[in-house]
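Peer 1: Sequence:
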Amino acid sequence: MRPTELGPAPHRTDPPFDIVAIAASAGGVHALTDVLRRLPADFNVIVVCVQHLDPRHRSLMPEIIGRRSSLPVAHAEDGKELEPGHVYLAPPDRHLLINRDGTISLTQTELVNFVRPSADLLFESVAAAYGERAIAVVLTGAGKDGSMGVTAIKKRGGTVIAQDESSSEFFSMPSAAIKTGAVDFVLALEEIPGALATLVAGEARD
62 MRPTELGPAP HRTDPPFDIV AIAASAGGVH ALTDVLRRLP ADFNVIVVCV QHLDPRHRSL
122 MPEIIGRRSS LPVAHAEDGK ELEPGHVYLA PPDRHLLINR DGTISLTQTE LVNFVRPSAD
182 LLFESVAAAY GERAIAVVLT GAGKDGSMGV TAIKKRGGTV IAQDESSSEF FSMPSAAIKT
242 GAVDFVLALE EIPGALATLV AGEARD
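Reading the sequence shown from the start, the letters are residues 62 to 267 in the numbering used here.
It is possible that part of the hints are untrue.
[Said to hold, decoys possible] Computed beta-carbon distance windows for the label pairs:
#1 Leu172 - Arg129: 27 to 33 Å
#2 Gly140 - Ser227: 25 to 31 Å
#3 Thr170 - Ala249: 31 to 37 Å
[Unchecked claim] Once the Cα atoms are required to be at most 27 Å apart in a straight line, the calculated DSSO-like pairs of lysine-lysine come out as:
#4 Lys205 - Lys215
#5 Lys240 - Lys205
#6 Lys216 - Lys240
#7 Lys205 - Lys216
#8 Lys215 - Lys240
Source of the hints: derived by calculation from the structure; they are not laboratory data.
Predicted model, so just to flag it, every value in this text is computed and none were measured.
Ideal Cβ positions, reconstructed from N, Cα and C, are used throughout, including at glycine.
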């Protein structure tokens with residue numbers, strides 16, 4: 062299913078979504094950078110991202126992605142209020158959770174699916190805070206992190222996108238998400254930014 066093939070949504074003056082949560086693991090730095098650099102400068106929703114990284118090294122991802130993105134990119138900070146049109150990256154070795162009041166919590170609680178930060182925890186917190194106004198995206202990665210979280214997003218009425226096998230360096234994470242039955246759109250990497258822009262503009266919705 063592709064958003065561009067869907068009919069127009071009912072007219073509304075406010076965007077149908079408030080937040081996009083993206084998760085990636087192996088091969089994900091390239092994929093995440095590619096998605097974020099293609100989002101338009103007027104993409105006026107919150108973007109939060111989990112990328113599995115080696116916690117022993119300082120992450121330069123905000124600088125790397127920020128040079129190519131039209132949106133401001135930074136590591137998430139505990140207690141900070143989320144702003145539309147900004148990209149927040151989970152710092153290495155910290156779970157990123159979104160609170161119902163629109164603020165960030167960072168924790169070092171136990172690993173989930175052998176990883177920290179965890180896509181499952183991010184998605185579950187986003188589902189609880191934003192419900193049907195949330196989009197989850199699962200990009201390339203090994204393992205199955207995110208599969209429980211996309212189910213939570215879908216149960217609360219949100220929308221889920223997974224990267225397809227042909228464009229994924231590692232298909233385990235997207236595949237695990239797809240197998241839950243909670244994924245609305247399976248798209249090539251290059252199609253995902255356009256689909257997000259279309260959904261956020263309210264022009265299409267599953």
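Peer 1: For every hint, state whether the structure bears it out.
Peer 2: Verification of the supplied hints:
1. Leu172 - Arg129: 27 to 33 Å: Distance hint for Leu172, Arg129 holds at roughly 30 Å.
2. Gly140 - Ser227: 25 to 31 Å: 41 Å Cβ-Cβ, so the 25 to 31 Å window is violated.
3. Thr170 - Ala249: 31 to 37 Å: Given range 31 to 37 Å: holds, Cβ gap about 35 Å.
4. Lys205 - Lys215: holds (17 Å)
5. Lys240 - Lys205: With a Cα-Cα distance of about 10 Å, the restraint between Lys240 and Lys205 holds, given a limit of 27 Å.
6. Lys216 - Lys240: holds (15 Å)
7. Lys205 - Lys216: holds (19 Å)
8. Lys215 - Lys240: holds (13 Å)
In this structure, only the earlier hint numbered 2 is contradicted, and the remaining ones agree with it.
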